[in-house]
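S.K.: Residue-level listing of the chains:
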Amino acid sequence: MLWMPCPVYEWSMSAESSPKIVIVDESPIRAAILQEGLREAGFTGVVHISEMQSLLARIYALDPDIIVIDLENPSRDVLEQMFQVSRAVRRPIAMFVDQSDAASIQASVEAGVSAYIVDGLKKERIKPILDLCVSRFNAFAKLQDELDRTKHALEERKVIDRAKGILMKLKGLTEDEAYVLMRSTAMREKKKIGEIAQSILTASELLK
Amino acid sequence: MTTPLRIGFIPLCDAAALIVAVDKGFTAAEGLDVTLVREVSWSNVRDKLNIGLFDAAHLLAPVAIASSLGLGHVKVPIVAPFNLGLNGNAITVSPALHAAIMEEIEGDRFDPMVTALALSRVVAKRRKSGAEPLTFGMTFPFSTHNYQLRFWMAAGGVDPDEDVHLVVLPPPYMVDSLANGHVDAFCVGAPWNSVAVDLGIGHILHFVADILVSAVEKVLAVRQNWSEKNPDVVAALVRAHIRAAEFIEEPQNRPEAARILGAPERIGVDAEVIQRTLDGRLKIAPDGTMRESSRYLLVARENAARPDPVQAAWLYAQMVRWGQTALRPDALKTAMGVFRPDLYDAASGRLGQSTGASNPIGAFAGPAFDPNDIQGHLAAFKIGHWKP
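As you go down the protein sequences, you meet chains A and B in turn. Per the numbering used here, the first sequence starts with residue 1, numbered consecutively. Per the numbering used here, the second sequence starts with residue 1, numbered consecutively.
If we strip away everything but chain B, and leave its shape as in the complex, we get (with noise of 0.2 Å):
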């Protein structure tokens, strides 16, 4: 007996082992008969995963962890049982832009130190001149790509609530929105960032993987209650996606995995730019300039298949940092319970083990996160918009 799924999804690189994992049969084989449904917001994702509409879904990891505590929405448990893969996003900026952090850079250029430091030249230098301010264009409030360019321009001094404007772009839009001027710059995950270089509009100027050696992006999302009620089905969707993720990492399969990633009903660009994004070989100037990292995307590689609460922990300290929300214990508590290894655990047989690195998240700036202790942590950044 065949299990109907329905499953929603955003055209994004980061649905790879969702998508592979049906189209592939990789589902179908553990007896479910999934039909994945193209979405075109987050928004859209999340109150249909909230209402039933949706058993599954690929979703924005701190979008989980605010439905789980009722941020910005109503309150529906969430629960990760696999994680859709770590990095992934990049900051693409405009010619523009990328002239003039470049006459302000002192140092390594890919080193995000030196470009969060050559920012905060560029946006007093603005100031100065009564320019307007720059603005950024990212997915959601309640996304990796939001803490992520905060993250990163606040480490160089530059507040992303007082001297930029942070917008949010379905990231449909965010290639246009670069070419005529609406934003100077995105942080976006794959494809759109090759597309922008490949238009001849954008410049990578730093892949996520520069900031946080490790970040979760996407998971697998289901309701809780729902999860609760059928761990069977869970158990084998997990399975499902595990080799779908391994499958894809193997590189002699990226040319498959691309094509089905390409086509039309699904991510629906040319599978030679998803393949680069699979590949971590991203183009990142119009003028042909190939940048490589083993980082880039990281799909099963180094466990990152498996949930790990410390990401969730890291997640919610961020919406602690810009104001989401109060830090307190209990809601801490609850994101961490989001990401759940044990259900990545039971489904696989195998008793996974987390990277066991002393800094799993390993950002470029500021103290080892430790879940811990999440004040001590945020104390440690200058800037911030939290009451301890």
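With the rest of the complex left out, here is chain A (with noise of 0.2 Å):
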């Protein structure tokens, strides 16, 4: 389909097209999956800051309609000191969100994301920007949940291949043996075949 411009709309499209756009996240990869996700989305004036040293300065200087923060990080206080009027203040920010989104405010907090949106914006424009913050935090999170829980099985695997060696050098078992003698120890003792091998790798500490 053909993208028509609407003429009723020109006086201020190029703002309302492509807002401009700030996320502060210490996190690189997080705000890379942002970036993109808003970049897809086709809002182009996208910018990164990961340094929190003079925060509103830089704020200040990039003049954004939007600036998205993630809640892990301290400086959010920073930025609500911008709902002030002050002379440092170009444009004052209005609300987070609506007053009456009140399911909006829940999701973003939950999902460990807060949107500051310069007075004047509308409320149609800010909702598929909130809502494209929202899922790629939420896809961030359960990206890291995966990979935390790929570190631990990892580490696991590197205790049990230790206490195997422990056991096959004392008992003199072959790496199978060793491995069906946790496991069914493991069984016994209703416990898991890592925390067995870690008593094992223990008791061998204390007993060296």
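The hints are simulated quantities; they were obtained by calculation from the structure and are not laboratory data. Treat each hint with caution, since some may be false.
Here are the simulated lysine to any residue pairs, SDA-like style, with alpha carbons at most 20 Å apart [to be verified]:
(1) A/K158 / A/I193
(2) A/K191 / A/Q144
(3) B/K48 / A/E72
(4) B/K75 / A/K208
(5) A/K20 / A/L62
(6) A/K142 / A/S27
(7) B/K75 / B/A331
(8) B/K387 / B/D330
(9) A/K169 / A/S204
(10) A/K123 / B/K75
(11) A/K171 / A/K208
(12) B/K75 / A/E72
(13) A/K127 / B/V74
(14) A/K122 / B/V74
(15) B/K48 / A/K158
(16) B/K24 / B/V233
(17) A/K123 / B/V74
(18) B/K75 / A/K158
(19) B/K128 / B/E162
(20) B/K48 / A/Q106
(21) B/K75 / A/A61
(22) B/K75 / A/K191
(23) A/K191 / A/E177
(24) B/K48 / A/A141
(25) B/K75 / A/T44
Could you fit the two chains together into a complex? Lean on the hints.
M.R.: Laid out in structure tokens, this is it:
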């Protein structure tokens, strides 16, 4: 389908079609995921700030329409200053979302993200950006979770291998026999094989 | 049956009653199963309380009022059935600013009027020499720290909005910012002032008790509608806090309280530093100069834990003075209604009394505070950004 410019909205087209967005996030990976998502959705003016020093001055210099910040960031309180009328603020910041939009606040806080919006930006322009931030933040959290689990599994694997080595040496077992011994002990004691392996390592440390 | 509760807090010494209530088992004894959640920003605490992710929170008293009035954010009525303490903040300045103030000082250096006048001379000199305005750090736009700094410097003739920069800094960043020169001074709660002094990069210029004899600081905050639906839980929570506050005030319990508070998942600093705060015995200069004040932080003494609506009115008056909101009788009533001595009394079973002082705020400058005449009170101050 051919996109036709609509003359009614032309007067504010540039600002309305691609608001300037600043992402404040110390995690470069999460910021990249969010940035990519926003670009895919057609928001081209996206800048990432990862350095928290003189944060407000950086933001004022960029003069964004929307500021997105993760909730793990203590500098969120710094942004609250933008609500205040002061010399430093060129454009006042409006509500972070509409007062009536409780579900939207809930979703963003739960996802761990908050957005500050410059006064005058239309609600229907904000909503898709906010929704995108929420879904990307949730996706990142899921990714992080999977990564943590993988890491944990890898570490457990290492512990089991070391415990196997100890059993093989001390009891003259083959690798398979050592593993079967740990597994049957774990089943009998209703424990995880990783826990049994860990106690073998601890015991061997103590008996050194 | 136990009631599960999630309570948010910021790692600061004035969360003492809350943390001790939970970790010493006083909340469990009341049938409450509390999970404490450490937060990194007041905005997070406010938002999570507002939307119900927290049942209660350690909250800046002015944020509880601002939230109830819908200032700066969505309007969610909050009530404070327990006051987490009086005072506890301090103003710390860089060695350079300390030297500059001491050079200008005429009189007792612990007298806030003397230091405020000295500051105003420092500010004037800097302006004359074309130096950058001084920058002061505080913790939040709606914070006691903001109002205390402003009250102090304005008394000496320094306009906090015109003559200096006031910037928000998260408490854990305060010390770094002072060290690298991003701020020249800050007003923050414990333990951060002591941390700066111990690192040799700051001098404690004032305890807040120098500026205001009794200043409400943090409150135990709950949503008003939640408190109405759960009066028994609120009462149990308040009782556990009263026990904790009284426990902390017993000198022989201080080492244990400091140990509980210093734990890595709580405040996470050396117990010795925390005990200095609880004892009101602080190192104020890198050379080891000590200063004691029985009013440094009041947790239970002098009825400190009982919410006093006059304190809420004073905070509201500061919001008006500095242009954060307009003076409106209904808003004043709402602000005073946030502090709930009735809930405290109902829980404790003893009829509490307010301090009974004619001037419960006890500010070092200006007339005694009168909540019935905020307009007249504010008119007595030369510097302010409000319209009558």
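S.K.: Each hint needs a verdict: does it hold in this structure or not?
M.R.: Here is what the structure says about each hint:
1. Taking the CA atoms of A/K158 and A/I193, the gap is near 12 Å; set against the 20 Å cutoff, the hint holds.
2. Distance hint between A/K191 and A/Q144 is unfulfilled; the C-alpha atoms sit about 27 Å from each other, more than 20 Å.
3. As the CA atoms of B/K48 and A/E72 are separated by approximately 13 Å, the hinted pair is consistent with the 20 Å bound.
4. Only pairs whose Cα atoms come within 20 Å are accepted, and B/K75 paired with A/K208 is rejected, the gap being roughly 64 Å.
5. Straight-line distance between C-alpha atoms of A/K20 and A/L62 comes to about 9 Å, which keeps the hinted pair within the 20 Å bound.
6. About 15 Å separates the Cα atoms of A/K142 and A/S27, which keeps this hinted pair within 20 Å; it holds.
7. Annotation: proposed proximity of B/K75 to B/A331 holds, straight-line Cα distance about 12 Å (limit 20 Å).
8. Taken as a hint, the B/K387 and B/D330 pair is honoured in the structure, with Cα atoms around 17 Å apart against an allowance of 20 Å.
9. Distance restraint check for A/K169 and A/S204: the Cα-Cα separation of roughly 12 Å lies within the 20 Å cut-off, and the hinted pair is therefore satisfied.
10. Proximity of A/K123 to B/K75 is assessed by CA-CA distance (about 19 Å); at most 20 Å being required, the pair is judged to hold.
11. This hinted pair checks out: A/K171 and A/K208 have alpha carbons roughly 16 Å apart, not beyond 20 Å.
12. A hinted pair counts as satisfied when its Cα atoms are at most 20 Å apart, and B/K75 with A/E72 does not qualify at roughly 23 Å.
13. In summary, the hint linking A/K127 to B/V74 is supported, as the alpha carbons are separated by about 17 Å, within the 20 Å threshold.
14. Simply put, A/K122 and B/V74 have alpha-carbon atoms about 18 Å apart, close enough for the 20 Å limit, and the pair holds.
15. For the hint linking B/K48 to A/K158, the alpha-carbon distance of about 40 Å lies beyond 20 Å, and the restraint is violated.
16. With a C-alpha separation of about 18 Å, the suggested pairing of B/K24 with B/V233 holds against the 20 Å cut-off.
17. Proximity of A/K123 to B/V74 is assessed by CA-CA distance (about 16 Å); at most 20 Å being required, the pair is judged to hold.
18. About 53 Å separates the Cα atoms of B/K75 and A/K158, which puts this hinted pair outside 20 Å; it is violated.
19. As the CA atoms of B/K128 and B/E162 are separated by approximately 15 Å, the hinted pair is consistent with the 20 Å bound.
20. At most 20 Å may separate the alpha-carbon atoms for a hinted pair to count; B/K48 and A/Q106 meet this at roughly 9 Å.
21. Restraint check: the Cα-Cα separation between B/K75 and A/A61 comes to about 31 Å, which exceeds 20 Å; the hinted pair is violated.
22. Using a Cα cut-off of 20 Å, the hinted pair B/K75 and A/K191 is violated, with the two alpha carbons roughly 51 Å apart.
23. Between A/K191 and A/E177 the alpha-carbon distance is near 19 Å, which keeps this suggested pair within the 20 Å criterion.
24. Restraint check: the Cα-Cα separation between B/K48 and A/A141 comes to about 18 Å, which is no more than 20 Å; the hinted pair holds.
25. Pair hint B/K75 plus A/T44 does not hold up; C-alpha atoms about 34 Å apart against a cutoff of 20 Å.
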